[in-house]
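Novice: Residue strings, one per chain:
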Amino acid sequence: MVGRNIARFFKYAFLTIAAVLSVFPLYWMVVSSTNANPAILRGSLIPGTNLFVNIQNLIAQQALGQAFINSIVNALSVSVVSIIICSIAGYGFEIFHSKAKDRFMAFLLVSVMVPFAAVMIPLFSLVANMGLMNTTLGFMLPMLSSAFLIMLFRQSARAFPHEMIEAARVDGLSELSIFIRIFMPTMKATYAAAFTIQFLASWNTFLWPRLIMTPGASSITMPMLLANLLSGYVTDFGVNMVAAFIASVPTIIVFFIMQRQFAQGIVGSVK
Amino acid sequence: MQTAKQEAKIKPFFTMTRKRGLTGWLFLSVASALIILTSFYPFVRAIEMAMYSGAGTRMQFAGLVNFQRLLIDPHLKQVLSNTFLFLLVQVPMMILLGLILAAMLNDPKLKGKGIFRTAIFLPCAVGLVAYSLVFRQMFAVDGIVNTALLTFGILDTPYNFLGTAWSARMVIIIGLMWRWTGYNMMFYLAGLQQIEPSIYEAARIDGANVIQQFRKITLPLLRPMILLTAIMSTTGTLQLFDEPFNLTNGGPGIATRTIAFHVFNVGFQQSPNLGYASAVALLIFVIAAILGLIQIKVGDKRW
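Residue numbers (my numbering), protein chains in the order written: chain W, 1 to 271; chain H, 1 to 303.
Chain H on its own, in the form it takes in the complex:
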């Protein structure tokens, strides 16, 4: 206050408060401008581009043709149902497993906690393409999974995991679980460390068993964290690309092709059609927004 007054005497038109406010805007200008340039501007452009058809410099205004085409796209239904399968099967399983692991690791009496935590978090250190390559080879016809299954006599002949629709989807789900469970677990562990151990102590004295403690204490107190990870995983799954592209190449056929993969294919492969690809991309945004709102609504309610 003192300094502000002194400054005001010297510069009556340009007060310290106003100057500081301006400094603040200056400080945040670069980052904000970049977000506008790389998120909001492209979003508005996507809406515009979706109304054009053709390729390269020969783009022509086409109105709503691209949006009508969404309805008759022969691949879109399959691509959407693949994406939703990954979303509805993998995300809840991963969140539950992450929660269970975090609750177990939060036990102060647990021995070897650091080793368990590091081991389960370790997959996060590997890139998506790198692990896709590893999983692709593990589940290849002549890969180690088949070798193991043959050795233990579970299979008589090698199984073509990546060449069969349902098992290829399973492999992607297993891969996603492997890569992301530890990541989510770290969020829950961080959240659990904010909870007073005395709450669990009191519950134990009142005779609550482990499962009751998990449901009545852990889950409600971790709600903000669960909501955060659910939204992140949902957005992540809606733009799932690296794994289906490198692990299964979307196949067999289009059995594991995701919606983000579809945007890539329509927009950049064979005969690129950026206009229609933009329309599909906008569909991703609409789905993400709807699911995000539902999750916030559900997450806000008391369980």
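Extracted from the complex, chain W is given alone in its bound form:
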């Protein structure tokens, strides 16, 4: 009994330390965004009153509003378009499946093994030749389709009751409207998981926009703005932290809304 209590104590202690270490950098980021440089350098862990001054200084240095709007537009476009494209493909692979389609899917899955860094140079030339440098479309192109997302929707289409499709066909619904009116509303959890994955990935992606966008251009995204801050001469901790904080707000919101669905979506995808 005593042994079990000690084990339990260590378990809670371990989990508490892990939780504190996980949250601390974020806590420090939020607190520092409200403090002035001297307080941050003293190691202050209590919120200050300098938040608005830091925001003003940030706006004076960088096109904050522009970058924020760009990031929102880019991330929403990527997420919405890609989950539509990939879900209809996953549905097509599963509901109309044939040997040829299965083989084709296996071929597409090879793309998961290709690291982005290995293809980024030709992708860069492609986007440059298409005249898509510094554009939303150029930003979106490599993120619109992924074999991983297709697999996710293919798995969820597998669990989808086929009798419902048959019934809808008898009722005279076209294949496309069966997908839109029956499959899409039923698979909300999968869509939520896919949306979360795509939103976080496209909001945070840095290397790709860094390649196709000029650091000073009006099309820059939030991660690029953060990187720009580092190239300045003076380091204002408060300004940097408020920028990191603002850049994290949308993903933290998405994270909290979608946390549950994300976990469910993962379970579904790897079953």
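Think of the hints as simulated: they come from the structure by calculation, not from any bench.
Note that the coordinates shown come from a computational prediction; the quantities given were computed from them, not determined experimentally.
There could be a bad hint or two in this list.
30 Å max Cα-Cα, derived DSSO-like pairs, lysine-lysine [claimed, not checked]:
#1 H/K109 x W/K11
#2 W/K11 x H/K111
#3 W/K101 x H/K297
#4 W/K99 x W/K188
#5 H/K77 x H/K297
Example chain H residues on the side facing chain W (calculated, C-beta under 7 Å, incomplete) [to be verified]:
#6 R20
#7 A119
#8 Q137
#9 I144
#10 T147
#11 G267
#12 P272
#13 L274
#14 A277
#15 S278
#16 A288
Glycine included, every Cβ here is placed at the ideal spot set by N, Cα and C.
Position chain H relative to chain W; hints supplied.
Specialist: Just chain H now, kept in the frame of chain W:
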């Protein structure tokens, strides 16, 4: 079947089955075309580009020169060993820690499970550049880590974490662990929830202790999940860029420069050389493919 037959009477040449097959291809066409355009086509182009040298419009066919240059590149060895260090130290540590945390959180009697899970998963909500910025300031000479170490009397003078090769590498590893452990843990938790609690119950009755349960039940049943996360983390580390670029700028010197960073430098900085950068990029693919195959082979075997 009924509907298919009826349809067949009306359109004898274009049967329902064939029509459906075609609809299926139509449904998957856009996504597939995009994957081919953004993954397979660039891959083939990378092979072609690697055989050219020069810049911009003055690219000239150079045969295998770029691949020979891989052998004499003075930075490549350092860059590769940095990448492998991150891979071999960080990935196994993170997977193990993720597994331990997941096993602890899977205890149905644990109180505050939701809080622990959310807290440990939370770093995933922060972008890579944003957290690089935070860690860069935490570990700066005048940052909070040094302030704390000085206050507690562990150090007498501030330590230049990011200016010293080994500690800079450590900071990157700590950052990666911080950002990704919770992410991997969620995969294991999802996998653990598929395991019947009665298996653990039976093991406990048979006298298996916690560590035995972990080794004999948890690990084998989570093998597919572990394999998945191992492959994802390996590919992720092979293209590690955001952290070394923003946290240490690859420094001091090139002590934390990764292979993806090297591709960026060769291809887009100072005197851009897209041909040679493509050759280095192909090397990333070869390494990723070899490691992926090894992991699948090992993962398939019984432990």
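Novice: Evaluate each hint against the coordinates.
Specialist: Each hint, compared with the structure:
1. Taking the CA atoms of H/K109 and W/K11, the gap is about 12 Å. The hint holds against a cut of 30 Å.
2. A hinted pair counts as satisfied when its Cα atoms are at most 30 Å apart, and W/K11 with H/K111 qualifies at roughly 11 Å.
3. Of the pairs offered as hints, the one joining W/K101 and H/K297 holds, with about 26 Å between alpha carbons and a cut-off of 30 Å not exceeded.
4. Proposed proximity of W/K99 and W/K188 is supported: the alpha carbons are some 29 Å apart, at most 30 Å.
5. Straight-line distance between C-alpha atoms of H/K77 and H/K297 comes to about 27 Å, which keeps the hinted pair within the 30 Å bound.
6. The restraint placing H/R20 at the interface with chain W holds, with a minimum CB-CB distance near 5 Å, inside the 7 Å limit.
7. Among the interface hints, the one on H/A119 holds; its C-beta lies about 4 Å from the nearest C-beta in chain W, closer than the 7 Å criterion.
8. Interface hint status for H/Q137: upheld, as the beta-carbon distance to the closest one in chain W is roughly 6 Å, under 7 Å.
9. The restraint placing H/I144 at the interface with chain W holds, with a minimum CB-CB distance near 5 Å, inside the 7 Å limit.
10. Interface hint at H/T147: satisfied, since its Cβ lies 4 Å from the closest Cβ of chain W, which is below the 7 Å cut-off.
11. With a least beta-carbon distance of about 5 Å to chain W, the hint placing H/G267 at the interface is held under the 7 Å criterion.
12. The interface hint given for H/P272 is violated, since its Cβ lies 10 Å from the closest Cβ of chain W, which is over the 7 Å cut-off.
13. The beta carbon of H/L274 is positioned within 7 Å of a beta carbon in chain W (closest approach about 5 Å), and the interface hint is therefore held.
14. Satisfaction of the interface hint for H/A277 is found here, the shortest Cβ-Cβ separation to chain W being roughly 5 Å, below the 7 Å cut-off.
15. The closest approach between the C-beta of H/S278 and any C-beta of chain W is roughly 5 Å, which is under the 7 Å cut-off, so the hint is satisfied.
16. Satisfaction of the interface hint for H/A288 is found here, the shortest Cβ-Cβ separation to chain W being roughly 5 Å, below the 7 Å cut-off.
When each numbered hint is compared with the structure, a violation occurs for hint 12 only.
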